Amino acid sequence: QKEVEQNSGPLSVPEGAIASLNCTYSDRGSQSFFWYRQYSGKSPELIMFIYSNGDKEDGRFTAQLNKASQYVSLLIRDSQPSDSATYLCAASGAGSYQLTFGKGTKLSVIP
Amino acid sequence: GAVVSQHPSWVICKSGTSVKIECRSLDFQATTMFWYRQFPKQSLMLMATSNEGSKATYEQGVEKDKFLINHASLTLSTLTVTSAHPEDSSFYICSARSFGGDRENYGYTFGSGTRLTVV
Chain A
1 QKEVEQNSGP LSVPEGAIAS LNCTYSDRGS QSFFWYRQYS GKSPELIMFI
51 YSNGDKEDGR FTAQLNKASQ YVSLLIRDSQ PSDSATYLCA ASGAGSYQLT
101 FGKGTKLSVI P
Chain B
1001 GAVVSQHPSW VICKSGTSVK IECRSLDFQA TTMFWYRQFP KQSLMLMATS
1051 NEGSKATYEQ GVEKDKFLIN HASLTLSTLT VTSAHPEDSS FYICSARSFG
1101 GDRENYGYTF GSGTRLTVV
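One line per chain: the protein sequences are A and B, in this order.
One point on numbering: in the working numbering, the residue at position 108 of the first sequence is 108, and numbering is uninterrupted.
One point on numbering: in the working numbering, the residue at position 88 of the second sequence is 1088, and numbering is uninterrupted.
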């Protein structure tokens, strides 16, 4: 069974700090990995996706993928109170367009 | 970027009635659409995958006769909750994926969600 695991948190960081969110996945055949942000009562919005080993940067966000360790992370630099949300990690498998979601990590950025 | 429009955003219905939720891809063709359900403080649970012009594939434990999915065109998929009961109250979200589109912009775009309350 394909699983995506995340620490549920809450993760609290002070404003301006780096928030580090982690995710592991069980299916070695997973090919693409996504980070979504979900505010309470809203649908998820895509932050980044990554499918190659290494780092991918977009503004204040950096996604890191290590396929050997089956590990994905998201770093948020200069965290802002508006970054407070639940962050969902998702993986798509080989030959499948379905996404498997983790349960999400709740992030709180303290002003 | 890709936009998926979902309506209604919220609906209250009486137990035993049916509710239809629409999901439209506005600026791209969505060959595959996904329907999720999310209960409070839980993650998204995939209910079914629909491909344009064919029957939906339901996840284990999801009643296909209760949750009717129609994906009759490349831009529209509907989910009908039939004979709704209070336990069906949840946040329903659709997601669309385009075929052959720009992977950066069109992968897995979510609708805004529908909050269903059955009383």
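Because the hints were derived from the structure by calculation, they are not lab data.
Just so it is clear, the structure is predicted and the values come from calculations on it, not from any experiment.
C-beta atoms are modelled at their ideal positions from N, C-alpha and C, and glycine is treated no differently.
Among these hints, one or two may not hold up.
Said to hold, decoys possible - Not the full set, but computed from the structure, chain A residues with beta-carbon under 10 Å of chain B:
no., residue
1, 42
2, 47
3, 61
4, 71
5, 86
6, 90
7, 101
Claimed, not checked - Label-pair ranges, simulated between beta-carbon atoms:
no., chain 1, residue 1, chain 2, residue 2, range
8, B, 1010, A, 45, 17 to 23 Å
9, A, 28, B, 1086, 17 to 23 Å
10, B, 1119, A, 8, 38 to 44 Å
11, B, 1068, A, 28, 33 to 39 Å
12, A, 56, B, 1083, 24 to 30 Å
Hint check results:
1. 42: Nearest chain B Cβ about 7 Å off; hint holds.
2. 47: Violated - the Cβ of residue 47 (chain A) stays beyond 10 Å from chain B, reaching only about 12 Å at its closest.
3. 61: Not OK, violated: residue 61 (chain A) not within 10 Å of chain B, min 14 Å.
4. 71: Given a least distance of 19 Å, the restraint on residue 71 (chain A) is violated.
5. 86: holds, 9 Å
6. 90: Interface hint status for residue 90 (chain A): holds (8 Å vs cutoff 10 Å).
7. 101: Constraint on residue 101 (chain A) satisfied, holds at 5 Å.
8. B:1010 / A:45: 17 to 23 Å: holds, 19 Å
9. A:28 / B:1086: 17 to 23 Å: violated, 41 Å
10. B:1119 / A:8: 38 to 44 Å: The hint (38 to 44 Å, Cβ to Cβ) is violated, given that residue 1119 (chain B) and residue 8 (chain A) are roughly 31 Å apart.
11. B:1068 / A:28: 33 to 39 Å: holds, 36 Å
12. A:56 / B:1083: 24 to 30 Å: 46 Å Cβ-Cβ, so the 24 to 30 Å window is violated.
Of the numbered hints given earlier, the model fails hints 2, 3, 4, 9, 10 and 12; all others are met.
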